[in-house]
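Chemist: Given next are the chains, with one letter for each unit.
Number of protein chains: 2
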Amino acid sequence: MRAFKLTMSYDGAAYAGWQVQSNQTTVQSVVEAALARITGGMVRVAGSGRTDSGVHALGQVVSFQSPTRLSPETLRNALNAELPRDMAALKVEEAPIGFHARLDASGKRYRYWLNDGPVPDVFRRLHSWHVRQPLDCDAMHRAAQAFVGEHDFRSFASRWPEDLHSTRTIYEATLRRENLPDSPTLIVFEVAGSGFLYNMVRTMVGTLVEVGRGAKPECWPAEVLSRTDRNEAGMTAPPQGLFLVSVDYPTEATALGQRQMNDDELGE
Amino acid sequence: MRAFKLTMSYDGAAYAGWQVQSNQTTVQSVVEAALARITGGMVRVAGSGRTDSGVHALGQVVSFQSPTRLSPETLRNALNAELPRDMAALKVEEAPIGFHARLDASGKRYRYWLNDGPVPDVFRRLHSWHVRQPLDCDAMHRAAQAFVGEHDFRSFASRWPEDLHSTRTIYEATLRRENLPDSPTLIVFEVAGSGFLYNMVRTMVGTLVEVGRGAKPECWPAEVLSRTDRNEAGMTAPPQGLFLVSVDYPTEATALGQRQMNDDELGE
Numbered sequence: 001m002r003a004f005k006l007t008m009s010y011d012g013a014a015y016a017g018w019q020v021q022s023n024q025t026t027v028q029s030v031v032e033a034a035l036a037r038i039t040g041g042m043v044r045v046a047g048s049g050r051t052d053s054g055v056h057a058l059g060q061v062v063s064f065q066s067p068t069r070l071s072p073e074t075l076r077n078a079l080n081a082e083l084p085r086d087m088a089a090l091k092v093e094e095a096p097i098g099f100h101a102r103l104d105a106s107g108k109r110y111r112y113w114l115n116d117g118p119v120p121d122v123f124r125r126l127h128s129w130h131v132r133q134p135l136d137c138d139a140m141h142r143a144a145q146a147f148v149g150e151h152d153f154r155s156f157a158s159r160w161p162e163d164l165h166s167t168r169t170i171y172e173a174t175l176r177r178e179n180l181p182d183s184p185t186l187i188v189f190e191v192a193g194s195g196f197l198y199n200m201v202r203t204m205v206g207t208l209v210e211v212g213r214g215a216k217p218e219c220w221p222a223e224v225l226s227r228t229d230r231n232e233a234g235m236t237a238p239p240q241g242l243f244l245v246s247v248d249y250p251t252e253a254t255a256l257g258q259r260q261m262n263d264d265e266l267g268e
Numbered sequence: 001m002r003a004f005k006l007t008m009s010y011d012g013a014a015y016a017g018w019q020v021q022s023n024q025t026t027v028q029s030v031v032e033a034a035l036a037r038i039t040g041g042m043v044r045v046a047g048s049g050r051t052d053s054g055v056h057a058l059g060q061v062v063s064f065q066s067p068t069r070l071s072p073e074t075l076r077n078a079l080n081a082e083l084p085r086d087m088a089a090l091k092v093e094e095a096p097i098g099f100h101a102r103l104d105a106s107g108k109r110y111r112y113w114l115n116d117g118p119v120p121d122v123f124r125r126l127h128s129w130h131v132r133q134p135l136d137c138d139a140m141h142r143a144a145q146a147f148v149g150e151h152d153f154r155s156f157a158s159r160w161p162e163d164l165h166s167t168r169t170i171y172e173a174t175l176r177r178e179n180l181p182d183s184p185t186l187i188v189f190e191v192a193g194s195g196f197l198y199n200m201v202r203t204m205v206g207t208l209v210e211v212g213r214g215a216k217p218e219c220w221p222a223e224v225l226s227r228t229d230r231n232e233a234g235m236t237a238p239p240q241g242l243f244l245v246s247v248d249y250p251t252e253a254t255a256l257g258q259r260q261m262n263d264d265e266l267g268e
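Residue numbers (this note's numbering), protein chains in the order written: chain A, 1 to 268; chain B, 1 to 268.
Hints in this document: simulated from the structure, not taken from any laboratory. Keep in mind that a hint or two might mislead.
Copies of the same chain are indistinguishable here, so a pair counts whether it falls within one copy or spans any two.
Stated by the list, open to error - Below, simulated EDC-like cross-link-like pairs (lysine to aspartate or glutamate); rule was C-alpha separation at most 20 Å, straight line: (1) Lys91 with Asp116; (2) Lys91 with Asp182; (3) Lys216 with Glu93; (4) Lys91 with Glu32; (5) Lys91 with Glu218; (6) Lys216 with Asp248; (7) Lys216 with Asp86; (8) Lys216 with Glu73; (9) Lys91 with Asp248; (10) Lys91 with Glu73; (11) Lys216 with Glu172; (12) Lys216 with Glu150; (13) Lys216 with Glu232; (14) Lys216 with Glu94; (15) Lys216 with Asp138; (16) Lys216 with Asp116; (17) Lys216 with Asp136.
As the structure is a computational prediction, the values presented were derived from the model and not from experiment.
Using the sequences and the hints, build the whole thing.
Modeler: Written out as structure tokens, the structure reads:
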């Protein structure tokens, strides 16, 4: 048996999220079916986390085991031949037996795209949230600094079970205008952390937008955080603006046997 | 009666091109239907040129006349409410009576996106051409300089009627890597000129790709140009990579009465 680490991108628009569900086409079910056709045996894959329906990935990491003799590069090319055109295998690497994309992850990076222009951006309509009101980006960026550090993020989690650990560390949270010539009103929120609760990034965005449009003061996200109550935060921003950018793993030497309690199974 | 100049963007993937055709959904037919609902009367629109099936626009210019009393801004907002989500009205301006988006145009700018990476770019799959072979961008850029200036572009036109004037002036032709962090293998060809023959930009791209992949020498596009024979050029690149970026008009003072013979009706 060999273990593999697959890094892949997908456009989530057509899928009912990452995780296998009966009677729904999910990213996981499509990847497992492609691997079964390629290797000739049933393959179960684990993603670094569940992405919700309509959420995208630039660098989702997926682990699986298979007795296949195909090389990582041949597997990648075979996957790109088998996968639908809204999914791509970017890289396949051999991994230590026991490598698990979710349990071994030490951090993740997400990006969320917003457009605050007066007219829709037709080319990003499936990959951004059109807010239709001018947003004060600088105020949103300053407000987002409240998220940086180790905090209990329960206020920013949808349906988080009471008995699950909800403290996460955010390393970086930035919000800026992209100033692309063809998309002058595009704004990007980028956030990296040790892990994310369910709908956490989208609730951060929904909360920051309240600041950006002037409905709430800059100090409000910090107050929401301190209340540890989801009812205090802003709306959950729509899924199509969210991208899982990358997943971090400890260096190989420390990867196995040093697994932390990682309960991001329900994460974003 | 009042005359209007509408600047609009559209994602061409779902349409059988710009021009009205029986039994097909075209951009023109959708815009005319929206304007009829908004103004309560039949409206005929003229585009600056026909875009082919699957070709996109960042700044197509459209002229129309209507007795409506709505302000340009109200018309724009009403259009954005009526148009499907893959079309957007960017700007509506009042224009001199007689303004015609095609006949009065003095120049156009197009952009064509290519991806030469080993794996597909899922987020640009509907907006670029995936060549799957490394391209020598610098060689393509140098070869593209043969297009600059006034030339008979008959070698680069599909089905161009023999009796139509096929000389055009190209002001600028550049090819470069975009070096975007999420799309490291994206290449953009940008070309501006007085006008373009049918499929001219796509045939330029198909020809330059032969140079980029090393199948033809850098001097080949210049030779193709001098032969004035479509059979000499490369393939017509697929439509989904092509964007009409903008259309130029002379300043208002000179716009009317100085119309040139503009036979771009069959243009790109």
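Chemist: Hints numbered earlier in the text: which of these fail when held up against the supplied structure?
Modeler: Checked against the structure, the hints that fail are numbers 3, 5, 6, 7, 8, 11, 12 and 14, while the rest are satisfied.
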